[in-house]
Amino acid sequence: MSFVNRLGAIALDQFRGWGHAAFFFLDLLRAVPASMRRFGLVVAQVYAIGNRSLIIIMASGLAVGFVLALQMYYALVTYGAAESLGLIVNLALVRELGPVVTGLLFAGRAGTSLTAEIGLMKAGEQIAAMELMAIDPKARVLAPRLIGGIVSMPILAILFSAVGIMGAYVVAVLLIGVDAGNFWSIMQTRVDVFRDVGNGLVKATVFGIICTVVALYQGFETEATPEGVAYATTRTVVISSLWVLGMDFVLTALMFSTP
Amino acid sequence: MGKKSIETLVGLFVLLGMGGLVFLALKAANLGSLGGSDAYTVQARFDNIGGLKPRAPVRAAGVTVGRVKSISLDAKTFQGVVTLDIDKGYAFPKDTSAKILTAGLLGDQYIGLEPGGDDKNLVAGETIAQTQSAVVLESLIGQFLTGRGDAAAAPAAGASEASK
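Chains A and B are the protein sequences, given in the same order. Residue numbering for the first sequence follows the working numbering, beginning at 43 and increasing consecutively. Residue numbering for the second sequence follows the working numbering, beginning at 69 and increasing consecutively.
Treat the hints with care, as some may be off.
Unchecked claim - Quick list of the computed label-pair ranges, beta carbon to beta carbon: (1) A/Ile-218 to B/Phe-146: 47 to 53 Å; (2) B/Leu-94 to A/Ser-299: 25 to 31 Å; (3) B/Glu-75 to A/Gln-168: 22 to 28 Å; (4) A/Gly-122 to B/Thr-145: 51 to 57 Å; (5) B/Asp-163 to A/Ala-295: 43 to 49 Å; (6) B/Leu-94 to A/Ala-165: 45 to 51 Å.
As the list claims (entries may be wrong) - Partial list, derived from the structure: chain A residues whose beta carbon lies under 7 Å from chain B: (7) Val-85; (8) Ala-86; (9) Tyr-89; (10) Gly-92; (11) Ile-197; (12) Ile-200; (13) Ala-204; (14) Val-235.
To be verified - Just a few of them, taken from the derived set where beta-carbon distance is under 8 Å, the chain B residues facing chain A: (15) Lys-71; (16) Ile-74; (17) Glu-75; (18) Leu-77; (19) Phe-81; (20) Val-82; (21) Leu-84; (22) Phe-91; (23) Leu-92; (24) Ala-93.
Worth flagging that the hints you see were computed from the coordinates, not collected in a lab. Note that the structure is predicted; figures quoted are calculated from it, not measured. Just so it is clear, CB atoms sit at the ideal spot from N, CA and C, and this is done for glycine as well.
One chain only, chain B, in its complex shape (with noise of 0.2 Å):
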């Protein structure tokens, strides 16, 4: 085998690897979605985060229009500091509320934007004021079965006062 057909192969065979790299970061894994330079920021503070993680999807209506930047504890009030980048092509309007959701019933959760009715909009660095904390199952579980101890006792009382 000639020298210069050996390299030729070898040439190949690591342009072959250099486009299987680029399939599978492109075509089977998050990388183009990564670039978002062209973002600004703003914060949210919760009372529980729940599970949101850094990276999870901000969606207003449904639709994608950011990612979660990072999340941190605020040491004085001991709430959760969520900052999150917002692509510059969507403006919300500064009394927008933030809710912590559920991907479908056990799913992921990301950051759902309500947009308000104010006249300004939210600028790069501010916090959105509104926001709702992630449901917590427990809890919820918790409240249900108080509430339906609550809920036995009145007709009980109920029918007692009737019968009397």
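Just chain A, with the same shape it has in the complex (with noise of 0.2 Å):
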């Protein structure tokens, strides 16, 4: 019986977790527009979440990019459909691996950074004294790293897509020899810049908008102790990889499910 109970603790517990995110979410859409005025500290954002993400986004999607040419060609070339190679590269990565392993990857980096960055505030009370001088820590502060987040995940994505596009060129043209006309052509005829591209972008906003709220609310509602502070990054880390992954699975049987 006892285990009836946890389990029926566990669960509340988890819905009543998901209502106070959830309302937290909704007091900063309240609070942007306040922050959309102090248009510098979004800026400032951007930067620190986008641009220093730059670097592991670019080199993972290289490594896809080499990596799935590579194994894809050696399963193509055994049925003489190697000429595919981009096109299968592409979809692959603009429908799904962009805004997946960007989400993964974003939520490991920019979302821990914000979880830590957020926690060691409220642990050092800058939140209270935000509130004792009548400043909204949610404006001045949580905000723009939302509209941060929101901004930056669909660019890194999109890159993430388009390098890997790259680097599966290099692999396949100019390493193993399929012909470079065949790689582009087919990729243009098949691939739909609404149906995939443009899903594809859709998929990033909406994970960077759960890896960012995710990342700000256990920052902020963690305990106000170094502990606090760790347990909470990592709570960041695997609740948004959760969710980024159990939302790709609905996101693409709503989009992709008709051909």
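Got two chains here, each in a separate frame; can you build the complex from them with the hints?
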């Protein structure tokens, strides 16, 4: 019986947490117009979140492009379909791997830094000090980071896909010897800019919102101790990653179910 | 880091993102072939459109001259009505025939136009009179099976005639 009790308690706790996070998100949205008036803050956050993630995103994109091209080539050449290599790498990157892998890396790189920053501000009582001075911490500190995350994530996902395709070109055409003309022309006829690239962008935006809101919430609600901050950063990465993977399945089923 | 340099770097970041999007849209997707405002519309009716989809190419002599705009069913004659957008640079005679062909053996289907010999050309809004429907693989196999049955029966009847 105590197992069922515990299960019920855990479930209720989860729902309470989701509800609290949803209200937190609404508060942040309400604070967005006020923070947009201080645009310098938003720009500084886009720099901290977006620019600082460029190296890892583009390196990962390049590596994923290389490896995809190599592996797909060995699979396709047995069926004589090596010309479709560009198409397959493109669709895999633009529809799925771009948004999802960028989301996971974003959660790990930018999410943890956001959580740690907000958590340490809370632990150092800076948030409380702001509230005492009648400065809304959500408008001054949190909403610019939300906007920064939502703006940076789609850009990073696009760069991941673009660099991945270029990496696949290098491996497929320059190293293996697949025909360059076919590589690009089959891609250009079969990849739809609204259905594939556009839906990938929508996914990336949704993942950006998820990762940023989770990171900010975990930082804001953390215990004001070093262990609390460490635990909060772990929870950010785990929760963001699970949500990204779950939402990816839901969005893929919604977007790509009919041919 | 000075405020100005942060703004510059963020601006570059956003520009890089937009450049990546333009690259993806133009070089890695079909945005380049979407523009087609200088095209005229004609219709064609088929008994069976097979696997034809909107935005399938319309080709004459293998060269793409237009796209399929939309496909619908005529509720009265139960024929498939296909609306084609043909580039204004190409004019076809009024007795052009339209066939639904397959690229390769199992590839995507497209519309092939074969020009006739009429002096007058097709005008926007007209209907192509001669059409040939898509080949349905199952009916073809069915014909082949029954055809073999007839062919096997005929020489057997001929042999029995000769032996009499």
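Hints, one by one, checked against the model:
Between A/Ile-218 and B/Phe-146 the Cβ separation comes to about 51 Å, which falls inside the hinted range of 47 to 53 Å. For B/Leu-94 paired with A/Ser-299, a C-beta distance near 28 Å keeps the hint of 25 to 31 Å intact. At roughly 25 Å, the beta-carbon separation of B/Glu-75 and A/Gln-168 lies within the given 22 to 28 Å, and the hint holds. Distance hint check for A/Gly-122 and B/Thr-145: the Cβ-Cβ separation is about 42 Å, which falls outside the suggested range of 51 to 57 Å.
A beta carbon spacing of about 48 Å between B/Asp-163 and A/Ala-295 agrees with the range 43 to 49 Å that was offered as a hint. For the hinted restraint 45 to 51 Å between B/Leu-94 and A/Ala-165, the CB-CB distance of approximately 49 Å keeps it satisfied. Residue-level restraint check for A/Val-85 holds (minimum Cβ-Cβ distance to chain B is 5 Å; threshold 7 Å). The beta carbon of A/Ala-86 comes within 6 Å of a beta carbon in chain B, closer than 7 Å, and the hint placing it at the interface holds.
Taking 7 Å as the C-beta cut-off, the interface hint given for A/Tyr-89 holds, the closest approach to chain B being about 5 Å. For A/Gly-92, the suggested interface contact is upheld, since its CB lies about 5 Å from the closest CB of chain B, less than 7 Å. At about 3 Å, the closest approach between the beta carbon of A/Ile-197 and any beta carbon in chain B falls short of 7 Å, and the interface hint on this residue holds. Evaluation of the A/Ile-200 hint against chain B yields a held restraint, the C-beta minimum of about 4 Å falling below 7 Å.
Interface restraint check: A/Ala-204 against chain B, minimum CB-CB distance 4 Å, threshold 7 Å, status holds. Nearest Cβ of chain B to the Cβ of A/Val-235: about 4 Å, under the 7 Å cut. The hint holds. At a threshold of 8 Å, the smallest CB-CB gap from B/Lys-71 to chain A is about 6 Å, leaving the interface hint in force. For B/Ile-74, the interface hint holds, since its Cβ comes within 8 Å of a Cβ in chain A; the closest pair sits about 5 Å apart.
Of the supplied interface hints, the one on B/Glu-75 holds, with its beta-carbon coming within about 6 Å of a beta-carbon of chain A, less than 8 Å. Hint status for B/Leu-77: holds, given a least beta-carbon distance of 5 Å to chain A, under 8 Å. For B/Phe-81, the interface hint holds, since its Cβ comes within 8 Å of a Cβ in chain A; the closest pair sits about 5 Å apart. Interface hint at B/Val-82: satisfied, since its Cβ lies 7 Å from the closest Cβ of chain A, which is below the 8 Å cut-off.
A least Cβ separation of about 7 Å between B/Leu-84 and chain A falls short of the 8 Å threshold, and the interface hint therefore holds. About 5 Å separates the beta-carbon of B/Phe-91 from the nearest beta-carbon of chain A, less than 8 Å, and the hint is met. Hint status for B/Leu-92 relative to chain A: holds, with the closest Cβ pair at about 5 Å, below 8 Å. Among the interface hints, the one on B/Ala-93 holds; its C-beta lies about 5 Å from the nearest C-beta in chain A, closer than the 8 Å criterion.
Violated hint: 4 only; the structure is consistent with all others.
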